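**Student:** Work out the full structure, taking the sequences as your base and the hints as a guide.
Number of protein chains: 2
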Amino acid sequence: MPISPLIEHLVESLRCLPGVGPKSARRMAYHLLERNRPKALALAQALNDVVQQVGHCTRCRTFTEGEQCVVCAAQQRDASQLCVVESPTDLEAIESGTNYQGLYFVLMGVLSPLDGIGPADLGLEMFEHRLDEGGIDEVIIATGTTVEAQATAHYLSELVRERGVRITRLAHGIPLGGGLEYVDSSTLAHAFQRRMPLE
Amino acid sequence: MPISPLIEHLVESLRCLPGVGPKSARRMAYHLLERNRPKALALAQALNDVVQQVGHCTRCRTFTEGEQCVVCAAQQRDASQLCVVESPTDLEAIESGTNYQGLYFVLMGVLSPLDGIGPADLGLEMFEHRLDEGGIDEVIIATGTTVEAQATAHYLSELVRERGVRITRLAHGIPLGGGLEYVDSSTLAHAFQRRMPLE
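For the record, the sequence lines run as chains A and U.
So the first sequence is numbered by the numbering used here: it starts at 15 and just counts up by one.
So the second sequence is numbered by the numbering used here: it starts at 15 and just counts up by one.
Some hints could be false.
Copies of one chain are not kept apart here, so a pair can be met inside one copy or by any two copies together.
[To be verified] Below, simulated DMTMM-like cross-link-like pairs (lysine to aspartate or glutamate); rule was C-alpha separation at most 25 angstroms, straight line: (1) K37 with E100; (2) K37 with E26; (3) K53 with D135; (4) K37 with D92.
Think of the hints as simulated: they come from the structure by calculation, not from any bench.
Since we're looking at a predicted model, the values are computed, not measured.
**Tutor:** Below you can see the structure in the form of structure tokens.
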């Protein structure tokens, strides 16, 4: 018999978080109850706020609490470049790791017919509409390297090519600072085949 | 510039959970937003419920939403045995791992003068009061093996001994199923010194 049904329910609810199993969920529940009740209430409030107020940007589909995200709303961004990413985390990684000044389009997933995820779920009509509006000189495909992501990249490239817009993708190869011995063989083979002239 | 201040706030709030750093917190926040908004709301509700409704048992100090916990309220438990544990998790471990039928007293911590945790914080007045009520034949000390926990056990044993009640503590030694090579040297030395006649 559980000591407290409410605590059991909290433990069960915490397991919806990725990477949290039954033992960590229990540790989290007791930690909050014993040491940090005000923070538990603050977390509850933050969850409610985010679910109720955060929606999708009407231009690029990333998460935002307004109608447009800060990138789309910024006047000084270069509207001639459009970078297509899988998720808002990828957008943030590019924002914080590069000095890219163009705009984004966030697919919020990849094409996956087996899971029933088709072009409509990725907002590709909206993507085509943006291409047809004109003013875009380059589409940068920054999707991942899974099979689904590569199929998605191929599908996107067809849409872009039909409209005669320049299309690029991120370079693949050996990560900076990584020794050759730690690189998987397919990356190494790719990097070897696509070797560049030394400048 | 963060894409969404509300998401940043949720990421910050998730970091109050033990074992959750900035990267996992961000992954959790996006996971909830992208895939599991209803579960995020359920988690917020569970947190609110627990903080508002779960208090301490008036007999043993463990967590409960009623006045007394299910163990203290049960009629068939043996009131002559009282097991002292550090935390509700320890109580649950004993409940699920042994067939102990007595009652508990939960310290909700250990004596730690450096952190300002004294006898009053562990409810030791309540503990003495329970001893003085009579009817207890054996006090089982089931605190941990940290220096603070051992000092606490010593302090408790003085209180119990003054009243002429039998006092026991859990056996220390080599864990069942553990090879000698994996046991730390102080446990091994203890187990060797306290060797038992083979029955």
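**Student:** Determine for every hint whether it applies to the structure shown.
**Tutor:** Results of checking the hints against the structure:
no. : hint          : result
1   : K37 with E100 : between (32 angstroms within a copy, 18 angstroms between copies)
2   : K37 with E26  : both (11 angstroms within a copy, 22 angstroms between copies)
3   : K53 with D135 : between (36 angstroms within a copy, 21 angstroms between copies)
4   : K37 with D92  : neither (48 angstroms within a copy, 30 angstroms between copies)
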